[in-house]
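Between the sequences and the hints, there should be enough to build the whole structure, so can you do that?
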Amino acid sequence: MEDINRFGPELALLIAAGLIVVGDVTLPMRGGTRRVASVALGLAGLAVSALWSLVLIVADERGNAFDGLMVVDDFSLFFNFLFVGIAAVIILASVDLLEKSRFRAEYVALVLTSTVGMMLMASTVDLIAIFAALELQAISFYVLVAFLKDGRSSEAALKYLLLGAVSTALTLYGMAYLFGLSGSTNLNDIAAFVAGADSGTRPALVLAAVFLAAGLGFKMAVVPFQMWVPDVYQGAPTPVTAYLSVASKAAGFAVVMRVFVVALGHGLISSDWSNMFAAIAAISMTLGNVAALAQSDIKRMLGYSSIAQAGTFLIGLAAVAANDPQLLLGTSSVVFFLGTYAFTNLGAFIAIIAISNKIGSDQIGDYAGVARRSPWLAAGLTACLLSLTGIPPLAGFWGKFWVFNAAVRADLVWLALIGVLNSVISAYYYVGVVLKMYTQEPANDEAFQPSPYLGLAMTAAVVGLVAVGLYPAPLLDASESAAAVLG
Amino acid sequence: MSVNLEHYLIVGAVLFSVGLYLALAKRNFVAVLMGIELMFNAVNLTFVAFSRFVRSPNPLDGHVFVVFVITVAAAEAATALALAVLLYRVRDTINVDRIDLLKW
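Sequence lines, in order, name chains D and B. Just so you know, we're using our numbering here: the first sequence kicks off at 1 and counts up by one. Just so you know, we're using our numbering here: the second sequence kicks off at 1 and counts up by one.
Among the hints, erroneous ones may be present.
Label pairs and their in silico Cβ distance ranges [as the list claims (entries may be wrong)]:
1) V58(D) with R98(B): 55 to 63 Å
2) E2(D) with A75(B): 26 to 34 Å
3) L54(D) with R89(B): 39 to 47 Å
4) A40(D) with V64(B): 38 to 46 Å
5) V25(D) with A31(B): 29 to 37 Å
6) R89(B) with P28(D): 25 to 33 Å
7) A279(D) with L81(B): 34 to 42 Å
8) K100(D) with A82(B): 17 to 25 Å
9) A75(B) with N405(D): 39 to 47 Å
Not everything, but these chain D residues come out facing chain B in the computed CB check (under 10 Å) [claimed, not checked]:
10) G23
11) L27
12) D126
13) L161
14) A165
15) V166
16) L170
Keep in mind the hints are simulated off the structure, nothing from the lab. Quick reminder that beta carbons are idealized off the backbone N, C-alpha and C, glycines included.
The structure is reproduced here in structure tokens:
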């Protein structure tokens, strides 16, 4: 029973997903009721899941479950709340999209199953379970990306699926060698092996680490596994793009932190993977930002910008192992940054959904004069873009500030400098969109408002963004206690 | 001459490389999927070999992992083939090179 209790937040979502699909087939309902029922049941499942996580905290039910396959600790609980919150906002933002589709129940159910996959990615501590969680998330996303079933959406899904499957195979090959070396699939056993390993096993360990990083780099969307990002972001339905860019990336970083910091963090290869991540961080930031400058489609632009942001997260990870006593600083800065990035990017994508629904285009050129037609949406999008740039007092500033702080403390000053320079480059294209909205003449003067669901989701994201910006202490404390369990 | 762990690992590495080459070089969507299957099976071989030779309190974990990989690969193949059917309906081709509405 204890196991089931600790699995509760995930179980609630799985049950809700099952009920949605079965109920949609068996209950006689008209079209409108059907959509409302799926969305309401999905949100109810997420609420139950969040409450269950809260109960786990209040009752202090932290500990192992299922024979050490998964663990409930501050790290997994932090990500439980993060993913549940993101999924709720995504379901709200998808209501307009679902109006046009026959497969409403399936959409909501797939959002829930991928949320379960991501929650498990943050809470499993055994390679077998990590693999199963990765694939639960990935396969749900393949279907979601293809949801529009038109040429672009199915092409995006094709590219995502092929590259995703190859990256899964690479991860598995790394896992196979890790198992072969240590004789265990449990991360703590692997950590014990790595801590006591002699230097003869170093080449094989490095090989395993490189394969693991390659496969997981695909989830985090960093160079050299970033090719899919712009295409998939452009072709997928925009709410799914938002979900991918925020949640899937955060889940990828959660797995990397579990595997690299816990299992490979203490011992002879920690400086190897730290250097590797530092190099990947520098290249990802630069390539993402330079490519984003040239984009004319706003979803592609945010795709490249998300590659650059992923590079910035990696600075924090590189800082983890470069300086062992600073362990907490590096991981907690990444966790904190992932939290602020969630608000920021979600807000930006929701504003884009609302604006594109009305002007019928994703081209940046067509955003001219949006501020005059819809002042609130333009203000929201501006706040999100400025936060992505890292301008105080918005949440994104603190995220970057802590990551750079961790890098400087870990003697990675050059990496922090590259990060700051890249923030300057990114300001050019983020502020470019803002200027377009505020200074140029609109094609027509017709005012518009976002739908109530989108308005609600947007308000939630922007309020979070400003609140964390003005008062970052609670989120910072939460991310510090989350990072502490990895130590 | 007895067959040792190294032999299995070499065969596994060769299979994995062949699979990776197929996945990257083939133009037909279904052929790419076959390359990916080959990569998964190379992983399975590696796991089973390690499982047999490794000194560990629970060496069967490798076998368990293989069962998981086989199951998940089947789910992934099912999704991929459904996508191939969808693509063929929308675009009249499953040649990866000719599916290029979005610029790479």
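Structure-based check of each hint:
| no. | hint | in the structure |
| --- | --- | --- |
| 1 | V58(D) with R98(B): 55 to 63 Å | holds (57 Å) |
| 2 | E2(D) with A75(B): 26 to 34 Å | holds (30 Å) |
| 3 | L54(D) with R89(B): 39 to 47 Å | holds (46 Å) |
| 4 | A40(D) with V64(B): 38 to 46 Å | holds (39 Å) |
| 5 | V25(D) with A31(B): 29 to 37 Å | holds (36 Å) |
| 6 | R89(B) with P28(D): 25 to 33 Å | holds (30 Å) |
| 7 | A279(D) with L81(B): 34 to 42 Å | holds (38 Å) |
| 8 | K100(D) with A82(B): 17 to 25 Å | holds (21 Å) |
| 9 | A75(B) with N405(D): 39 to 47 Å | holds (43 Å) |
| 10 | G23 | violated (23 Å) |
| 11 | L27 | violated (26 Å) |
| 12 | D126 | holds (9 Å) |
| 13 | L161 | holds (6 Å) |
| 14 | A165 | holds (5 Å) |
| 15 | V166 | holds (5 Å) |
| 16 | L170 | holds (8 Å) |
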